[in-house]
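Following the hints, put chain B in place on chain C, whose structure we already have.
Single-letter residue listing:
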Amino acid sequence: MSLSRLILRRVALLALVLVAVSLLTFAIVNILPGDVATAILGESATPADLAALRSRMGLDLPLGTRYLTWIGHMLRGDFGTSLAFNLPVAPILLWRLGNSAILAALVLIISVPCALTLGVVAAVYEGSLLDRFLSLAAVFTFALPEFVIGLVLILVFSILYPVLPGSSLMEPGLNPLSQPLALVLPILVLVLHQLAHLSQITRASMINALGSNYVRAARLKGLPPALVVVKHALRNALAPAIAEVGMNFGYVLGGLVVVETLFSYAGVGQLMVMSVENRDVPTLEATVLVIAVAYGVGNLLADIVSLRLNPRLRS
Amino acid sequence: MTQPLLDIAGLAVSYGTTNRRVPAVRNVSFAIAPGEAYGLIGESGSGKTTIAFAVMGHLNGGRVDAGRILFRDRDILALSPQELASLRGRSIAMVYQDPLSSLNPTLRVGEQVAEGIRHHRGLSHRAAAAEAASLLDQVHLPDPARLMLRYPHELSGGQQQRVVIAMALACRPQLLIMDEPTTGLDVTTEAVILDLVAELRSALGVAILFISHNLGVVRRVCDRIGVLYAGELMEEGRTEKVLQRPRHPYTRSLLRSIPEIGRRSERLASIAGSLPDLTSLPSGCIFHPRCPEARDICASAAPPVEEVEPGHISRCHFARDLPDALAEDTASASMKDLPEGRKPLLRVVDLEMHYVRSRRFGPFGRTIRVPALSGVGIEVAAGETLAIVGESGSGKSTLARCIVGLAAPTGGSIEFEGTPLTATRPRATRRDIQIIFQNPEAALNPFHTVAEIIARPLRLYGLREGPAIRQRVIELLDAVKLGERFSTHYPRELSGGEKQRVSIARAFAAEPRLVICDEPTSALDISVQAALLNELKELQRRYGTSYLFISHDLSVVRHIAERVAVMYLGLILETGPTAEVFQPPHHPYTEALISAVPTVSPVDRGPVLRLQGSVPDPANPPAGCVFHTRCPRKLGRVCETDAPPWRHTSAGRAYACHIPPEDLLALQQQPTTETDRPLPEMEEPHER
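Chains as they are written, first to last, in this note's numbering: chain C, 1 to 315; chain B, 1 to 688.
Bound conformation, chain C alone:
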């Protein structure tokens, strides 16, 4: 099967998943107890006012009609109006999506090459002091939740030795790259976690590849050791490592939510937490859907890279 057909099929499947997610989101928000109109007007609102608001927001229509109207609007890019900000959701979401993407991209750019290098080195010198130290450090880091690492870093670098800002608050509409110092700590927290996880996976699959018959065959061809490691072993070890990154994309997004909230970084994750707190239903629905899309696309990309690396999966 050709690669493009496979990708097409995966995109179709992704669409199916998104429909399911939208249904679920809609169901959770609308069926669970709690009333949007009450949330907006407060407990002291008169029944007449509540009824008027409900009819204005279309909340008195049947569920099916409301879902179709909502999804129709979403598809046209009309994400509704935020109840908390009293502004259209779309521009807010777009700006924050960009901010989160910048954060995630920087984390990946830094952590992936470092993790691969550490993993390869640990595997090549398996059992050495260096390998054991790296494994221990990785387990330790990974066992600590992000907010603990984040709080420790804030304590050390912003309070005890105030060299870096402990918060990444910024003016709406601003590009986060314009205040790079504020990015250092959030990135550091995420990178440490990614590094711990990914380097150990790379190590495991490298050890596997280095012990394989084809690596032995390459060595016995008389090829130089570095070439054997990079061309023969790493190529095969990358596929499982990258598949793992794809599988853990949801985990990375979870990390973003925690870190953005901790550092008051204006990203999608923080927006989601805020809209839950404010019962800002339109924003919440849009945010969840956007995160679902990001998750699906991230997985798809990881799959495509794995396919490129592993010819066996293609046939």
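Derived from the structure by calculation, the hints contain no laboratory data.
Note that beta-carbon positions come from the ideal geometry of N, C-alpha and C, so glycine has one too.
Heads up, a few of these hints could be off.
[Stated by the list, open to error] Derived Cβ-Cβ restraints for the label pairs, each shown as a range:
id, chain 1, residue 1, chain 2, residue 2, range
1, B, T422, C, L61, 53 to 59 Å
2, C, A101, B, N445, 51 to 57 Å
3, B, R121, C, A101, 46 to 52 Å
[Claimed, not checked] Partial list, computed: chain B residues near chain C (C-beta under 10 Å):
id, residue
4, A93
5, P152
6, G636
7, V638
Okay, now just chain B, sitting in the frame of chain C:
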């Protein structure tokens, strides 16, 4: 001998930790002349692969305790990593047992051949690619230019091994090490690969160190052989001398345990016991506990290396006293005198079965039907053994699964004692038909003891109750030569042969009428195989059980079966009494299968026939005669368009082919113009 190319002297290699060292190879010495082919044979665990990798300088955790390995007067064990790297792939190259795992799955085949050329010979990418293409052509791979761009998993097993050979030949090495290069391959593919090795050897003058457990394969390739037992060289000499006048009891036992295609004796000689524990070796001669000739001195004194004639040495106290002829084992007299007019116990008529292969997942997929059986008919009489022979993909295992009820046929019928069987069947019928699987590893529950495993059918079918169960289990263990002490063992504590014995005991616990043996010995060592085949015959004689014996190994079939059916792509092409099927005229496919079997006896078996290519995709079987795409005796158009007629040559003997019996007989009895590769004479040393 001229100056040897490779000279190993007093080599000892051990593995393990300082507390518990396992001496895998001890005091091994032999030499290989330039251009010579030397065979190293032995059972698994004898240390032959350790020696092969030691020559490559790759010890993989092993430690050299003594000895040296001289390659053109340089000690490989003393080389620096850089010197080793320049030797590997350039002067010494290796071909491995499992070609698929030895090829990098993510690199194109061409690149894997070309990279060594670029590295060692400093050629440009373009020149190395051209060279790689010509190498692939030299190993007879079709369309090298296109093949170079494919990945290993896209090739057949035979093609993969050709690529590995091309890779090894890339820099014109002087020594080629082949570690069981044909072990995982079908018998027809094996024959073609061995032909290729012989051809390349005479064309390139490369010396070969050939590792194998199969004496027949070694005979075909090697000038001289060394017999390894538990890490020591027991016998060495010219191939024909060692195989015809073996001077060591171990070699003799090995030879007698091989089912020979040309010889049918009722019992195979098996070697009692198993390889000794390398950490606590027997005193004196290490083979004495298993040796049929052992006397008092064997347990006390290590035998000297005796040169029985020039170039033929043996490590045995009685090397000169052993009788010349291999005594035929006459332990059992004729046993197959079943009464005439047997009624069929099992009758399979026009059985059809197709698998549904789905093209990827879920709602977007579509399915295609892959036929595995396309109208198969067989009959098995009570107390009889019918063998089904064919390459992998012929449908023989599917047939077994349908009969035993593991798969539901999509057409035709199966009758057992005149009653039609469906996939859901009463308990009594299930009891009557038992199966022994190829891989005992996977067929035994790892959490049950041997006694529990064997007792299960007894309880399930209500055959025994209370203490009688235990008694019956012991009876069955004795019947398969295991004994009561095994009853508390778990499968992981058993060797492969012992596990298969437990499987057999479990099958017989149900007191079946028919036992289906699905390649029961193909995963086992040759000496264990002989013992198991004997036991299966013994059980059959005792209980009058019928066997449907599935195998790809014709020599095993020849030994155990009264009748044979030859299968190819879901169809039976030939059927008849075993002795007759092995005589011409036979179907061209049977002919090719027979001529592909390696043998240790030097008798010529008539013209050699080789099958080219691999079995076609069963989803798209060829029209007309299914075999025409590979048939060496193809007539012409008629084979491509018309299904062949059945030709009956004698009672119970028939084959499906367009060629009439008289013509086939004439073709197959032609004077032996091109005989099975004769043993190479003392060739003059290759000049370089």
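Outcome of the hint check:
1. B/T422 / C/L61: 53 to 59 Å: holds (57 Å)
2. C/A101 / B/N445: 51 to 57 Å: holds (53 Å)
3. B/R121 / C/A101: 46 to 52 Å: Once the Cβ atoms are compared, 49 Å apart, the range 46 to 52 Å for C/A101 and B/R121 holds.
4. A93: With Cβ-Cβ at 8 Å, under 10 Å, it holds.
5. P152: Since the shortest Cβ distance to chain C is 9 Å, the answer is holds.
6. G636: violated (35 Å)
7. V638: violated (36 Å)
Checked against the numbered hints given earlier, this structure breaks hints 6, 7; the rest are met.
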